[in-house]
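*Asks:* Sequence:
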Amino acid sequence: MALTIGTMLKDGQQYMLLWPSQKQLTTLFPENRVIAATKLSIKVMPPLAVLSVAAMVNLQGIEQLPQALAVGAFFLTLPMQGLLWLGHRANQLLPPSLSSWYFEIHQNMQQQGCALQSPKAKPKYMELAGLLKTAFDELDKAFTKRWF
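Residue numbers for the sequence shown follow my numbering, so the first one is 353 and each next one is one higher.
A hint or two may mislead.
[Said to hold, decoys possible] Dumping the calculated DSS-like pairs for lysine-lysine here, alpha-carbon to alpha-carbon at most 25 Å:
#	residue 1	residue 2
1	Lys362	Lys395
2	Lys485	Lys474
3	Lys362	Lys391
4	Lys485	Lys472
5	Lys362	Lys476
6	Lys472	Lys362
7	Lys362	Lys485
Calculated directly from the structure, the hints in this document are not laboratory data. This structure is a prediction, so every number in the text was calculated from the model and none was measured.
Turn these sequences into a full structure, and let the hints steer you where they fit.
*Replies:* Below is the structure:
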């Protein structure tokens, strides 16, 4: 199933909000670093794009407006690249090793009394993010320390 760019951007935003930002996950997954860079670029790149266009036009003249707009457009697309990566990642199926880890965590959380949806037969990274977020939010640190 091919995803549209709009769907991937939306899924990337949801995945960014859903992924738990725990230091234990930083060594296992690149998501924490990508999310931090994407959040920073969402804040920094729009003003930087305006500043770069204004500086180029001011210093080099109106003749350089097309090149200045291209530089500004590049800066504006950087946050979208992070969201696209996150959206693509959210819709990828888990590899077999992570899939078995997903089912183990799900089973242990159900034994602890957490109210969870039934596990997906072929889980994706989005389902893993939701499960990990629930684990870090609802379970105590002693229980989650066993997995990390």
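*Asks:* Which numbered conditions among the earlier hints are violated in the structure presented, ordered from lowest to highest?
*Replies:* Violated: none.
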